[in-house]
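Enquirer: Chains as they are written, first to last, in the working numbering: chain U, 3 to 164; chain G, 7 to 265; chain S, 6 to 281.
In case anyone wonders, no lab produced these hints; they're calculated from the structure. Take these hints with a grain of salt, some might be off.
[Said to hold, decoys possible] List of simulated lysine-lysine pairs, BS3-like, C-alpha gap at most 30 Å:
| no. | chain 1 | residue 1 | chain 2 | residue 2 |
| --- | --- | --- | --- | --- |
| 1 | S | K48 | S | K23 |
| 2 | G | K197 | U | K56 |
| 3 | S | K235 | S | K247 |
| 4 | S | K23 | S | K219 |
| 5 | U | K147 | U | K56 |
| 6 | S | K219 | S | K247 |
| 7 | U | K143 | G | K197 |
| 8 | U | K30 | G | K197 |
| 9 | S | K48 | S | K235 |
All values derive from a computational prediction rather than experimental measurement.
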Amino acid sequence: MKQTKTTELLVGMLIAAGVAALFVLAMKVSNLSTFSAANSYTLTARFDNIGGLKVRSAVVAGGVLVGRISSIDYDNRRYEAVVVMEVDQAYDQFPDDTVASIYTAGLLGEQYVALDPGGSEELLADGSEIEFTTSALVLEKLVGKFLLNSAEGAEATEGDGP
Amino acid sequence: MLEWIRGLGRSGFSFFQTLGRSNLFLLKMLAGIPSVLVRPRLLIAQLFSVGVLSLPIIVVSGAFVGMVLALQGYNTLVDFGAEESLGVVVALSIVRELGPVVTGLLFAGRAGSALTAEIGLMKATEQLAGMEMMAVDPIHRVIAPRFIAGFISMPLLAAIFSAVGIYGGYFVGVGLLGVDEGAYWAQMQSKVDLYDDVYNGVIKSVVFGFVATWIAVFEGYDTVPTSEGVSRSTTRTVVYSAFAVLGLDFVLTALMFGD
Amino acid sequence: MQSSTEKTAINGSETLVKIRGLHYARGDRVIFDGVDLDIPRGKLTAIMGPSGSGKTTLLRLIGGQLAPDQGSIEVDGLRVHELGRTDLYGLRRRIGMLFQSGALLTDLTVFDNVAFPLREHTDLPEAMIRDLVLMKLQAVGLRGARDLQPSELSGGMARRVALARAIALDPMMIMYDEPFTGQDPISMGVLVQLIRLLNDALGLTSIIVSHDVKETAAISDYVYVISEGKVIGQGTPEALGKTDSDLVNQFMQGLPDGPVPFHYPAPDYMEDLLNA
Chain U
3 MKQTKTTELL VGMLIAAGVA ALFVLAMKVS NLSTFSAANS YTLTARFDNI GGLKVRSAVV
63 AGGVLVGRIS SIDYDNRRYE AVVVMEVDQA YDQFPDDTVA SIYTAGLLGE QYVALDPGGS
123 EELLADGSEI EFTTSALVLE KLVGKFLLNS AEGAEATEGD GP
Chain G
7 MLEWIRGLGR SGFSFFQTLG RSNLFLLKML AGIPSVLVRP RLLIAQLFSV GVLSLPIIVV
67 SGAFVGMVLA LQGYNTLVDF GAEESLGVVV ALSIVRELGP VVTGLLFAGR AGSALTAEIG
127 LMKATEQLAG MEMMAVDPIH RVIAPRFIAG FISMPLLAAI FSAVGIYGGY FVGVGLLGVD
187 EGAYWAQMQS KVDLYDDVYN GVIKSVVFGF VATWIAVFEG YDTVPTSEGV SRSTTRTVVY
247 SAFAVLGLDF VLTALMFGD
Chain S
6 MQSSTEKTAI NGSETLVKIR GLHYARGDRV IFDGVDLDIP RGKLTAIMGP SGSGKTTLLR
66 LIGGQLAPDQ GSIEVDGLRV HELGRTDLYG LRRRIGMLFQ SGALLTDLTV FDNVAFPLRE
126 HTDLPEAMIR DLVLMKLQAV GLRGARDLQP SELSGGMARR VALARAIALD PMMIMYDEPF
186 TGQDPISMGV LVQLIRLLND ALGLTSIIVS HDVKETAAIS DYVYVISEGK VIGQGTPEAL
246 GKTDSDLVNQ FMQGLPDGPV PFHYPAPDYM EDLLNA
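Next comes chain U alone, as it looks inside the complex:
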């Protein structure tokens, strides 16, 4: 077999290049570097409607990414969606009257959970449940409410006629 040493060298370089490329894809291109689940604690929140929230959607406080949704379940007895999230250990000062709301990023963007801290002295610990939640806005309900309101408004003004 001629040139075995060169061949082996080049093959080694190919494999190294391939692995390096995978690394680049993982680290620089994907969202891996932005959140690691190593040091995190768990919080739960219940919503009437989670809208388009997905597992691995963002958990945000003051606009900053502080965690990720780890699982979404449905409680068939209390008829609520149960969302479990992993929050970075560095942010463990959330008071226990924090409000968790589901907002949409941009006009048609992805949905995320926003944590709005309250004023309580007690803090949320690992495994605790957030009491105050605001569900996602569902577009159809909004439109329906709007139509209803404008219909009632029109009736009221008519009734005030001469």
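Could you slot chains G and S onto chain U? The hints should help.
Expert: Chains G and S in isolation, oriented as in the chain U frame:
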């Protein structure tokens, strides 16, 4: 008329026969894998000829695909004022689809056809039969190392294609078209998911590598041992691999990215 | 790994290969239609016949690459077509085969080609393998060509290298598939001599499949003539020279017309010309 129907039946039969032969062949090949691991020399030689020699075309294609994507993407996005999202467009297109698929097609064309021709020629010059008569199983010694080499090389090549493509897009988008550098990477990082996108892309390239190499190696082994037969087998490798890659891409995409 | 078929002669009988009632067809074409053959141990047996009479197929049947439709093929007491893979491979290690084209592995040098069976099937140290390879190459007169690539060899030289490779494991039998085809007189002479010499010096059993009557008859101990799926003549070369059979005679003498006609079947000549 009757002759036509009979002909149709015959090709249907031969299709199933070939399908059966190729699967039995696959089993024999998989059984030969342990013996290859005992002789790394064979594997390394094949990794060189299948993987390293495909690098130039993969890198060049990756670069150009990334650059063209950036150009086209920019032209469209700028109408919506969304040119800052160029990084997302380039990265998702390449990592999810173009990386595995284009690499698969190029691999089938360059490495696949070379494998078929090489093995086919060995069959035509009775080298495979000679090995058999010397009590060396050609499937273990000739075919299995080539198969493993293809199977390992494809995901590596696809990853390299994707990485080069994204940087190619960076070069055109940020360097030439003036997209904000921070926006290019930051938006990309928030939208490209490690599991959904990168990992799935890698799975695709592994599947494509398996199938494209299998087809290439089988066509070579099964070829009619004349020069015309070898050239036809080589053509078949490229065509069937292309069908397989594109068809599997559809199925995998539906499974991975559908809801 | 030694299988049971690798140990030397299971029965020390006179006949090494015994073929009885062989029937083999490929698709619609019947290739062998009830063939009986005996290949005696230690002798050089030729199997001759017109092109397409299935001579190469016969070698493949003996080597176990093909299985007969009917009948039995026994090599050294073992029924070849009934052997499992390991046993078949064990048997093949005791048989050398010389293909028409030499079938050398094109990516290996001459040395590596001859060393191939030794490296694959034995655990001998490289130094010993080197000596064995050089000895085998010396026997065929190509020790100096050891570092050449197969593509640099002439046809005759390639066949000699293939011969060296075939005797690498000191087989009990060698099968030659058309060894003299397309050779110039000198290479032909060399091969003819080598085949006979090796057979005697190494105590081999040789089977030559050929249609080169003169060369093959000159070195064979026994000849079978096969045509249209049957054995139409057998005997020593001298006996066949005085045969009664017209077909065998036409073949042995190389006569253009006889039982195998010169003219392909056609309508009457006069009528063909007159009908415009």
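Enquirer: If a hint holds in the structure, say so; if it does not, say that too.
Expert: So, going through the hints one by one against the coordinates:
1. K48/S - K23/S: 14 Å, holds
2. K197/G - K56/U: Judged against 30 Å, a Cα distance of about 14 Å means the pair holds.
3. K235/S - K247/S: 20 Å, holds
4. K23/S - K219/S: Roughly 26 Å separates the two Cα atoms, so the pair holds.
5. K147/U - K56/U: 26 Å, holds
6. K219/S - K247/S: Since the Cα atoms of K219/S and K247/S sit roughly 15 Å apart, the hinted pair holds (cutoff 30 Å).
7. K143/U - K197/G: 29 Å, holds
8. K30/U - K197/G: 12 Å, holds
9. K48/S - K235/S: 22 Å, holds
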